[in-house]
Every structure is written in structure tokens, then in C-alpha cells.
Amino acid sequence: MIHRFSAAAAAVIALLLPAASGAAAPATLPDAVPDWSSVDFLIGTWTCEATFTARPGVKRSKAAFRYDFDRRWLREDITSPPFDQFRTRQIDTVIYTTYSPYLKKWISTGLDNFGRFGTSRSDGWHGDTIVWEDDEQTSGARAAESLTRVDATHTRDVFRMRNADGTLQAPSAVQTCAKDR
0 MIHRFSAAAA AVIALLLPAA SGAAAPATLP DAVPDWSSVD FLIGTWTCEA TFTARPGVKR
60 SKAAFRYDFD RRWLREDITS PPFDQFRTRQ IDTVIYTTYS PYLKKWISTG LDNFGRFGTS
120 RSDGWHGDTI VWEDDEQTSG ARAAESLTRV DATHTRDVFR MRNADGTLQA PSAVQTCAKD
180 R
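First residue of the sequence shown: 0, per numbering that gives the first Met the number 0; consecutive thereafter.
Worth flagging that the hints you see were computed from the coordinates, not collected in a lab. There could be a bad hint or two in this list.
In silico DSBU-like cross-links for lysine-lysine, where the CA-CA straight-line distance does not exceed 30 Å [stated by the list, open to error]:
(1) K104 - K61
(2) K104 - K178
(3) K178 - K61
(4) K178 - K58
Whenever a hint applies, use it, and build me the whole structure from the sequences.
Structure representation (C-alpha cells):
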């Protein structure tokens, strides 16, 4: 029994190993650093204010941008103090963004301490605006965000939910941010 198992194992291993002369090279991992020139202006700390159509008041937050993982990712850490009856504790959010040479798209994924998550993709900047399409959110809803660079120290975000047919609703939130000096 031992000899038959050993012989069978040896036969399987021999079939799985390529011949030395025809061995294929192992697949390489991409190790390119994205071209960050379009987002370098974001590096630093920002103070933001958002208004929502569905509730009164202003949501204030701080956002800090830096490069992470050997400059392969842009990391954004967002902190928002409690701002309504549903968010009675601080919200901490981390968002990572990179460029995928395979998809030829910018990819962003984030999560927070309320258990929410989301992934988004974008074709990139068109002038001073980048539009993000949410692929997945905690609620399953689809949304779009357009981020506009107003100038070197100001941005404006407009968030819109998508209807079941894919059309965009009126803006559900507008956020303006100013870079801290």
C-alpha cells in the first residue's frame, strides 16, 4: 500500500511539474507606483462641512490625506464628531485609493467604525472634476460622487443616489472642504 501510494504520488507530482526545458516563467506581480500628480494637492489636512437634503444641520469633519504602502495607495482618514440623533458618537472612516492598470480605472474602498463599507471606481479626472461610481455600499444602494478641485486649497463634493433604473437623483449631500494651513 505504501509503495502504491508513493508511486502514485510521484506520478502526479511528475505530471504537475513542467519539464525543465519548457518551464514557463512565473507570473510577475505589477509593482508600479500610480501617477499621483492629479491628487498631490490633496496631501495634508482638510476641514469639511456637508449639508444633507434629508436632514437639517451641518456635518463637520476633518480629513487627512497621505500616501501609504510604498506610495501604491492614497490613504484618507476622516473624523466626524456626532452631528445628529442617529450619529451620537464620532465616526472614523478610512478610505484607500489606487489606480488599477488592469482595469484602467481608479479604485477606492472605504470602511468606518459603524460597520459601513463601500467600493467605487472612476475613469479619472476630466479637467478639475473626478466622478466616482459606487459599486457597492452597505445598504446596497448605488450612488455617484463628483469631486471638484475649486482651487489648490478648496474642493466641492456632490453626492447623488441612483434610482432603480440607474438615473441620478437630485443631490443628497454637498460637501465643501478647505485645506488647513
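Now for the hints, and whether the structure bears them out:
A hinted pair counts as satisfied when its Cα atoms are at most 30 Å apart, and K104 with K61 qualifies at roughly 27 Å. For the hint linking K104 to K178, the alpha-carbon distance of about 26 Å falls within 30 Å, and the restraint holds. As the CA atoms of K178 and K61 are separated by approximately 10 Å, the hinted pair is consistent with the 30 Å bound. Between K178 and K58, the direct Cα distance comes to roughly 17 Å. Compliance with the 30 Å bound is thereby established for this hinted pair.
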